[in-house]
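Protein chains in written order, with UniProt numbering: chain A, 1 to 210; chain B, 1 to 210.
Any copy, or any two copies together, can satisfy a pair, since identical chains are not distinguished.
Derived DSS-like pairs (lysine-lysine); straight-line CA-CA distance at most 25 Å:
| no. | residue 1 | residue 2 |
| --- | --- | --- |
| 1 | Lys138 | Lys104 |
| 2 | Lys176 | Lys138 |
| 3 | Lys122 | Lys164 |
| 4 | Lys104 | Lys176 |
I should point out that these hints are in silico values taken from the structure, not numbers from a laboratory.
Number of protein chains: 2
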Amino acid sequence: MEVKNTGFSLSLLLFFCCFFVEAFVAVNGRAIVSTKPDPADAAATARWLASQNSWGVLSTISQDLGGAPFGNVVSFSDGLPGHGRGIPYFYLTPLDPTARNALKDERSSFSISEHPLGTCRKTDPENPTCSKLTLNGKLKLIDGKSKEAEYAQRALFTKHPEMKDWPKDHDFQIFKLVIENIFLIDWFGGAKPLTVAEYLRYGMDQQRAI
Amino acid sequence: MEVKNTGFSLSLLLFFCCFFVEAFVAVNGRAIVSTKPDPADAAATARWLASQNSWGVLSTISQDLGGAPFGNVVSFSDGLPGHGRGIPYFYLTPLDPTARNALKDERSSFSISEHPLGTCRKTDPENPTCSKLTLNGKLKLIDGKSKEAEYAQRALFTKHPEMKDWPKDHDFQIFKLVIENIFLIDWFGGAKPLTVAEYLRYGMDQQRAI
Numbered sequence: 001m002e003v004k005n006t007g008f009s010l011s012l013l014l015f016f017c018c019f020f021v022e023a024f025v026a027v028n029g030r031a032i033v034s035t036k037p038d039p040a041d042a043a044a045t046a047r048w049l050a051s052q053n054s055w056g057v058l059s060t061i062s063q064d065l066g067g068a069p070f071g072n073v074v075s076f077s078d079g080l081p082g083h084g085r086g087i088p089y090f091y092l093t094p095l096d097p098t099a100r101n102a103l104k105d106e107r108s109s110f111s112i113s114e115h116p117l118g119t120c121r122k123t124d125p126e127n128p129t130c131s132k133l134t135l136n137g138k139l140k141l142i143d144g145k146s147k148e149a150e151y152a153q154r155a156l157f158t159k160h161p162e163m164k165d166w167p168k169d170h171d172f173q174i175f176k177l178v179i180e181n182i183f184l185i186d187w188f189g190g191a192k193p194l195t196v197a198e199y200l201r202y203g204m205d206q207q208r209a210i
Numbered sequence: 001m002e003v004k005n006t007g008f009s010l011s012l013l014l015f016f017c018c019f020f021v022e023a024f025v026a027v028n029g030r031a032i033v034s035t036k037p038d039p040a041d042a043a044a045t046a047r048w049l050a051s052q053n054s055w056g057v058l059s060t061i062s063q064d065l066g067g068a069p070f071g072n073v074v075s076f077s078d079g080l081p082g083h084g085r086g087i088p089y090f091y092l093t094p095l096d097p098t099a100r101n102a103l104k105d106e107r108s109s110f111s112i113s114e115h116p117l118g119t120c121r122k123t124d125p126e127n128p129t130c131s132k133l134t135l136n137g138k139l140k141l142i143d144g145k146s147k148e149a150e151y152a153q154r155a156l157f158t159k160h161p162e163m164k165d166w167p168k169d170h171d172f173q174i175f176k177l178v179i180e181n182i183f184l185i186d187w188f189g190g191a192k193p194l195t196v197a198e199y200l201r202y203g204m205d206q207q208r209a210i
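Excised from the complex, chain A in its bound form (with noise of 0.2 Å):
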């Protein structure tokens, strides 16, 4: 009797722990599942961020501004939950400065912080245990047309339902930043040795099941 009743209570539990993920994902769009890892580990950390964020600063040269660097708040995708592949997607509109910088300069910067997931909160975000990323790399409008375009239209509008609805006549289109330096900081002593290569990798036997 007293195993069925534990066990009533944990069902109970799991009904109630379920319905809060899945209230989290109707209202953002991506449930925050993974726990923070091991700073220890700064391929997973870096990878964490990118998956579980789902906002950030994308910086580009600016043509208005005769060449001085220009950061944009901007929502990002890099797969869909739980399986993102750490390459940030875009859905930009050449209405916004950011896409036509990036039409006649790639060079790009992307910056994401661990302090929006809450679990920074005892520290300053300038504190370099509340994890920080930058990925510089290229800004490239993707083939509307190509497969690569129809998943990351799938990953942004998953993590970003309300974009599918966005004006047709802005002419939003899909862009990728393809990384050439990663920048972690994630604890204390300077920034992570990472390779784009290991940050790539990460994972990639369950991105192969999707």
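Since the structure of chain A is provided, determine the placement of chain B on it from the hints.
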């Protein structure tokens, strides 16, 4: 008797409100006291974003990456709680690329979003009604013995209490962004016209009282 009860209930409510605000300040260093301004008031919205946010992404021209933009998550403060002046101050170490970059090329961009403030939870971070601000200008090291450094340090240490205990041998110094251009999105229809003078002038009467 009914009036007395109402008075008591109100006092109780006020007590709990104060308690929670105090608790919030203790953890976050600053209370979110002001409400979101009318989006039609560009200066008020921009200054609200600068005053209420605690971190953003500061982009510089990378010396290590051949002049590419380089964004970096940093903490900042624009003044004492409720008395921000709109100029972002930073506490940076030359061990980090951002400070080194700025000492070679001052051109910088600082981006913040409304999203961390919790006032646009129902919209996507890239939705134009979830406001975002990018300040472009020159990132300058402040003379450590100046009155401005004293003010900026008080502003930074009040908003980010742990900064005062950061390692002395890391040579943290105060930088400020001298704003030259403002990019604000807070509604549909593209960037809001807002001059630097309008931005800095906003609420100036209050500032004189400090």
